[in-house]
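S.K.: Heads up: the protein sequence lines correspond to chains A and B, in order.
For the first sequence, this note's numbering assigns the number 1 to the initial residue and increments by one for each residue that follows.
For the second sequence, this note's numbering assigns the number 1001 to the initial residue and increments by one for each residue that follows.
Mixed in with the good hints there might be a few duds.
DSSO-like, lysine-lysine: derived pairs with alpha carbons at most 27 Å apart [what the hints assert, rightly or not]:
no., chain 1, residue 1, chain 2, residue 2
1, B, K1137, B, K1106
2, A, K189, A, K137
3, B, K1025, A, K106
4, A, K20, B, K1106
5, A, K137, A, K106
6, B, K1106, B, K1189
7, B, K1106, A, K25
8, A, K189, A, K106
9, B, K1020, A, K106
10, B, K1189, B, K1137
No lab work stands behind these hints: they were computed from the structure.
There are 2 protein chains.
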Amino acid sequence: MSSLAEIARICGVSVGAASKALSGKAGVSEATRQRILSVAAQHHYRPNRLVHAIQSGRSMTVGLTCNDFRNDFSGRIVEGMLEALYGADYDAIVISWDLCVHEGEKVLRTFAERRVDGLLMFPPADQPSQAYLQELKTFRRPIVVVDQTFAGVEDYDFVGSRDFEGGGLATEHLIGLGHRDIANLYYGKTSTGRARLEGFREAMQRHGLPVRGNWLAEIGRYDGNLDEPYELARRLLSQKDRPTALLAFNDPVAVQVLAAAHDLGVRVPEELSVVGFADLKMASHIRPRLTTVAQNPDELGRRAAARLLSRIGEDGNGSAADGPGVVERVPVSLVVRDSTRPPARGA
Amino acid sequence: MSSLAEIARICGVSVGAASKALSGKAGVSEATRQRILSVAAQHHYRPNRLVHAIQSGRSMTVGLTCNDFRNDFSGRIVEGMLEALYGADYDAIVISWDLCVHEGEKVLRTFAERRVDGLLMFPPADQPSQAYLQELKTFRRPIVVVDQTFAGVEDYDFVGSRDFEGGGLATEHLIGLGHRDIANLYYGKTSTGRARLEGFREAMQRHGLPVRGNWLAEIGRYDGNLDEPYELARRLLSQKDRPTALLAFNDPVAVQVLAAAHDLGVRVPEELSVVGFADLKMASHIRPRLTTVAQNPDELGRRAAARLLSRIGEDGNGSAADGPGVVERVPVSLVVRDSTRPPARGA
DNA sequence: CTGAAAGCGCTTACAG
DNA sequence: CTGAAAGCGCTTACAG
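Let the hints inform the model, and build the full structure from the sequences given.
M.R.: Written as structure tokens, this is what we have:
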């Protein structure tokens, strides 16, 4: 990789002159500038941005920790982020959240040592260690938490979805169809899961409908296989007094509900209405097409990145010191498809 | 962010001494070292890795371009890469491939300016511009292409799956079940799609079975909605002489085939056997569970990263100059589930 | 054991 | 218009 010094030497000028010529600054004759420019192009000269980062104190990079890239939801969040960052000439250094949980402090140290200008945290359900939270405190740069909150990050900016409203929307939809016996397969370990459940509860209460204990199932372990959600759904649907409708934590869980119903011979939507959450691509691909609460992951990612960039712009290490973070909630909307319909039997 | 100079000043030593103490080098008394260490810890001193990158000529970062993070396949590749990189104390600067296609040269320039030590390219179907390929040539660092090849990158190292064998495996499975009338919904725009089709062709030929033109459908446009694959499947299955089995380009396409079959009232697997490719999570979640050719994306990612790291280790700008790149093919395997069974009517 | 100096690749005031 | 020098934050020979 040819250096400025080489270019300067070839052109017979000082590095200072070469620097000015290449950066478009005044102080060199047009002839000299052209000569330098052409030599630089010939030699594929690429200015070393690391130097600029050191000199300016801005690395023009942000750290990005993501829980998993395996689904259409987090993937689109990441894409939204990358898009917004790219537009601001920023790049992302990406580390998977798994590593954050297991070696969290080390990961944060890496980010600090690489002098990222800010941090985008897309956390999963697993609560990070105390050491991690501790290290976060000493991370003197803006942080934006995305989608999910957890204990210890209340002070940072947050961009998420209107999960509570989403839970309400889904419930209202089912109640509007005439359902009264509504089950909920929720994921209490995450802030989103709890909010959706609360939205459900509140809507049920508003309509004077009871939330029955045996129609409430909590997912304890959420992994890629989704074995537990499947089993829970199966158990729930095997009961004598089966619900006529079910709200799932999200689309993948809803797919497990469909699978369990299928395996038990319970027809959807004839005998059971199912609502998901997220509106992943799969939701409209499977049969029956899934009714779900659509989120806007791209927007989530873009807004999170935009907020971080604006914090970085504010300068003055806009970290926790500034007091409680700003909370932004992206709207959700109900998408009605084929997995819901009025109940067959009277409630 | 406190600097070494500050730490040194506080301790009343030279920066040189502080540097030695913190890096564990000899040349400072144990007492001094301890003092420096404790002051550094108190002030949350984080060495500036950008400086180290400049001094050593190694940034300990690699560029990673990915076509889309939206699915379980590419996501797991990326995770495999991040895992391997992290183990070698490397980090990834991630840019989405979309940007590579549209502003490819600019993206590569960014990587060059950030002095990444190598490049992991996970390309999609879209052929990048000439300007991009041109810029690639002047990128004097190792490059590893993953999963998919395209014209102009034959000289770089490549890590992909045994797509050809996979196509053969799937076909042999169907033939073994007694199918003779096998359709193929393929994606000719990608190297993987072409290889799978060839594997199919070769297997059919080996068994003396004809590949019928009207049972061969090429996907022209592959996007997230998969509207075209759905339509193609629908048309294919609406023919008078319907095939008894169908090979899909990949799992998402197979899901569209299931949807089309469902919508036409064609029962799977009773009237139609369907085989996918990839073994995404969804494959075992949907009903009927999908028979598919399993790939190993994590391994793909890990191997690609390992190969890149080894090239970087070799030093001497191991780029195209070294002649044709090494090609590595990760094995695939058939996973038989519920979407395939012997044909009902005689062939 | 400790400090002063050079150097990594650049930019930016400051002299000629 | 052009060059020499200082400085960004560090490391590493080289003197004391």
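S.K.: Please go over all the hints and tell whether each is borne out by the structure.
M.R.: Each hint, compared with the structure:
{"no.": "1", "hint": "K1137/B / K1106/B", "in the structure": "14 Å, holds"}
{"no.": "2", "hint": "K189/A / K137/A", "in the structure": "24 Å, holds"}
{"no.": "3", "hint": "K1025/B / K106/A", "in the structure": "21 Å, holds"}
{"no.": "4", "hint": "K20/A / K1106/B", "in the structure": "22 Å, holds"}
{"no.": "5", "hint": "K137/A / K106/A", "in the structure": "14 Å, holds"}
{"no.": "6", "hint": "K1106/B / K1189/B", "in the structure": "25 Å, holds"}
{"no.": "7", "hint": "K1106/B / K25/A", "in the structure": "22 Å, holds"}
{"no.": "8", "hint": "K189/A / K106/A", "in the structure": "25 Å, holds"}
{"no.": "9", "hint": "K1020/B / K106/A", "in the structure": "21 Å, holds"}
{"no.": "10", "hint": "K1189/B / K1137/B", "in the structure": "24 Å, holds"}
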